[in-house]
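> Single-letter residue listing:
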Amino acid sequence: MRTILRVDMSTLRVTSEPVPERWKDFGGRALTSAIVFEEVPADADPLGPANKLIIATGLLGGTTAPNGGRLSIGGKSPLTGGIKESNVGGQLGHTLGHLGIAAIVVEGAAKTGLYSLLIEADGSAKLERTDDWAMLGNYALADKIAATRPEGDRFATASIGPAGEKRLAAASIAVSDPKGYPNRHAGRGGLGAVMGSKGLKAVIASDRGVTGVPDHADKDAFVAATRKFATALREHPVSGEGLPTYGTQVLTNIINEAGGYPTRNFSAGQFEFASALSGENMREITLERGGNVKHGCHSGCVIQCSRYWYDKDGHYKTKGMEYESVWSLGADCGIGDLDDVAELDRACGDIGIDTIEMGATLAVYMESGALAFGDAKGALAALKQVGTDSELGTTLGSGAGATGKKFGVTRVPTVKNQAMPAYDPRPIQGIGVTYATSTMGADHTAGYAITANVLGVGGSVDPLKPEGQVALSQSLQIATAMLDAMGLCIFVAFPVLDKPEAFEAIVEMATAHTGKDWNADELMGLGKKVLTYERLFNNHAGFTAADDRLPAYMYTEKLPPHNVVFTVPDAELDTMYDFVDETAMALQIS
Amino acid sequence: MQIELALFAKLSARYPVPGSGREPRPLEIEDGTRVGALVERIGLAAEPRITFVNGRHAADDRLLAEGDRLAIFPPIAGG
Ligand code: SF4
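Line by line, the protein sequences are chains A and B. Heads up, the first sequence is in this note's numbering, so the first residue is 1 and it goes up one at a time. Heads up, the second sequence is in this note's numbering, so the first residue is 591 and it goes up one at a time.
Because the hints were derived from the structure by calculation, they are not lab data. Fair warning: there could be bad hints in the mix.
Straight-line C-alpha distance at most 25 Å; calculated DSS-like pairs for lysine-lysine [said to hold, decoys possible]:
{"#": "1", "chain 1": "A", "residue 1": "Lys294", "chain 2": "B", "residue 2": "Lys600"}
{"#": "2", "chain 1": "B", "residue 1": "Lys600", "chain 2": "A", "residue 2": "Lys499"}
{"#": "3", "chain 1": "A", "residue 1": "Lys24", "chain 2": "A", "residue 2": "Lys516"}
{"#": "4", "chain 1": "A", "residue 1": "Lys312", "chain 2": "A", "residue 2": "Lys384"}
{"#": "5", "chain 1": "A", "residue 1": "Lys384", "chain 2": "A", "residue 2": "Lys406"}
{"#": "6", "chain 1": "A", "residue 1": "Lys516", "chain 2": "A", "residue 2": "Lys499"}
Here are some, though not all, of the chain B residues that point toward chain A, as calculated from beta-carbon distances under 8 Å [stated by the list, open to error]:
{"#": "7", "residue": "Ala661"}
{"#": "8", "residue": "Ile666"}
{"#": "9", "residue": "Gly669"}
Just so it is clear, CB atoms sit at the ideal spot from N, CA and C, and this is done for glycine as well.
Kindly generate the complete structure, drawing on both the sequences and the hints.
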């Protein structure tokens with residue numbers, strides 16, 4: 001039986017209840033978004049006791065489904081003011097799955113003090129006062145936590161750094177990887193601040209000795225489906241070769257080639273030092289230094305796009321930086337050196353702040369003239385103020401929108417106040433549609449239209465033209481919401497888009513695991529339900545069509561080298577959620 | 591005439607002419623050469639690939655012109 005663990009920070013009580021019948025087919029993002037929709041008032045203060053922080057493992061969490069241990073963290077976002085699901089790797093998703101915990105719902109707020117939630121392998125759970133962990137960075141905290149655990153324990157954590165404790169709108173939640181490094185982040189949307197506002201510093205969960213859980217409705221069929229899925233992932237050149245060899249950083253050169261690599265606060269689409277930042281260069285340096293160039297962010301990952309970055313002396317510095325982080329802390333700030341980027345990435349990880357938001361924020365700060373583009377030392381010094389009491393640190397930690405306002409910068413690349421990731425929407429119009437319309441604010445993962453726009457995966461469309469982009473983004477947003485609900489890594493989408501047997505395997509895994517007869521329509525229906533909860537929540541929170549637009553300058557300022565603006569018509573953007581009325585009716589929500 | 595050739599990821603080991611590391615390099619071609627014919631000449635015809643000329647996707651029948659930049663990637667994706 002799957003359970004929901006309720007953690008009431010106001011009374012310091014932890015209780016467990018079965019997942020209600022109406023949510024039995026929900027996991028991951030479906031669960032976080034349904035719970036936020038039903039239980040968080042749309043007008044709640046994101047940092048007040050009425051907001052909730054929901055940590056949910058996917059429907060396949062805890063199983064051996066390849067790439068099936070992703071975790072969804074949800075709540076009302078202090079950055080966007082709308083609903084948020086921030087998807088993260090690391091081991092905690094599987095740990096919760098092994099314990100039969102579908103979701104942890106953190107509600108209320110501690111009156112004083114700082115607490116950590118301890119979940120033991122026997123299923124017991126309690127809050128412990130951990131005031132002496134206050135203001136620790138994620139890495140020092142990880143050491144402290146490890147020192148409290150018994151010898152030979154197997155545990156995973158979610159934690160916040162100083163930025164979360166300071167309730168900054170760009171604060172992240174760090175999740176530990178299989179080696180215990182707190183280096184996977186639910187970065188987007190400031191959920192670290194929500195955790196901080198509750199008085200919760202860490203979640204520590206042990207699944208030591210727990211095996212064979214969860215049960216499958218049909219074990220043999222499940223094992224057969226996982227084999228079929230793993231084979232499809234291994235056979236596709238993207239998931240079987242490109243991602244494992246170079247990590248997500250494999251994108252730097254191609255997005256730069258396509259003229260969509262946002263440079264110096266989105267003022268150009270190509271960066272002269274892209275090659276130095278590239279995945280090819282990163283791999284060579286990492287190998288020279290004895291770093292690791294291929295592992296999974298959680299057990300059971302077949303693709304293995306993760307790596308570790310080592311410093312010049314051969315010591316672990318930070319996780320192998322992701323494409324998005326290298327772009328934001330590198331090209332967007334005019335910084336072209338991977339060691340400089342690694343320092344910034346490490347600082348973000350330790351302070352507990354979203355790398356995408358932070359790089360975009362530093363670029364806006366640079367555009368104000370306060371700091372020169374390319375000044376890596378200056379950027380690090382500014383970044384290290386985040387999480388302290390300094391006024392600059394507080395501003396930067398509040399994100400690109402707040403920083404633009406404070407310093408009078410008008411070219412601020414945000415949608416719903418969340419910074420755009422590493423693809424300029426002018427020469428890659430499909431991703432602009434996703435940025436504009438996603439319930440999350442500017443978010444590439446919500447509907448990764450780079451596929452057909454640039455990479456020739458799942459068909460192809462002209463990236464400079466508006467034709468076909470809304471339909472593409474819509475189908476990707478629906479499919480992504482489904483994968484997030486299953487707990488599958490979105491990188492499985494590349495083979496799934498090209499290989500029918502990969503999609504079939506998802507249907508078969510879901511069916512064999514849950515006993516419900518899933519089919520393709522129902523899987524997509526699940527994605528639609530997720531988006532319907534999210535869209536309606538945002539409507540109730542006051543969002544209108546005007547919030548589904550890119551910043552005005554992207555419709556007028558041409559981006560070199562292709563010298564294009566964003567041209568998808570507003571009326572087309574407004575058709576994105578044409579399925580919501582029907583789905584809401586079926587869900588009996590409004 | 592001369593164009594610039596840029597090969598990426600695993601294809602960067604397949605440059606037909608010497609140069610520096612993974613860096614793009616000039617390539618002499620005959621007037622009237624099309625992308626497909628050149629790809630065949632440099633031994634990449636059998637490779638699945640994503641091909642750009644001057645930052646735009648290019649089909650195999652695309653005629654190359656003096657000073658063009660031809661960039662070729664294996665199938666890749668990430669995010
Ligand atoms: S492919 Fe990468 S992001 Fe996805 S589960 Fe594996 S390591 Fe994590």
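> Indicate, hint by hint, whether the structure satisfies it.
Cross-check of the supplied hints:
Note on Lys294(A) and Lys600(B): the hinted pairing holds, with a Cα-Cα distance of about 16 Å set against a maximum of 25 Å. The hinted pair formed by Lys600(B) and Lys499(A) meets the criterion: a straight-line CA distance of about 23 Å does not exceed 25 Å. In summary, the hint linking Lys24(A) to Lys516(A) is supported, as the alpha carbons are separated by about 10 Å, within the 25 Å threshold. Pair hint Lys312(A) plus Lys384(A) holds up; C-alpha atoms about 22 Å apart against a cutoff of 25 Å.
Straight-line distance between C-alpha atoms of Lys384(A) and Lys406(A) comes to about 19 Å, which keeps the hinted pair within the 25 Å bound. For a cut-off of 25 Å, the pair hint linking Lys516(A) to Lys499(A) stands: about 24 Å separates their Cα positions. This hint holds: Ala661(B) has a C-beta 5 Å from the nearest C-beta of chain A, less than the 8 Å allowed. Interface restraint check: Ile666(B) against chain A, minimum CB-CB distance 4 Å, threshold 8 Å, status holds.
Contact between Gly669(B) and chain A, as hinted, is supported at the beta carbon level, the nearest pair being about 5 Å apart and thus within 8 Å.
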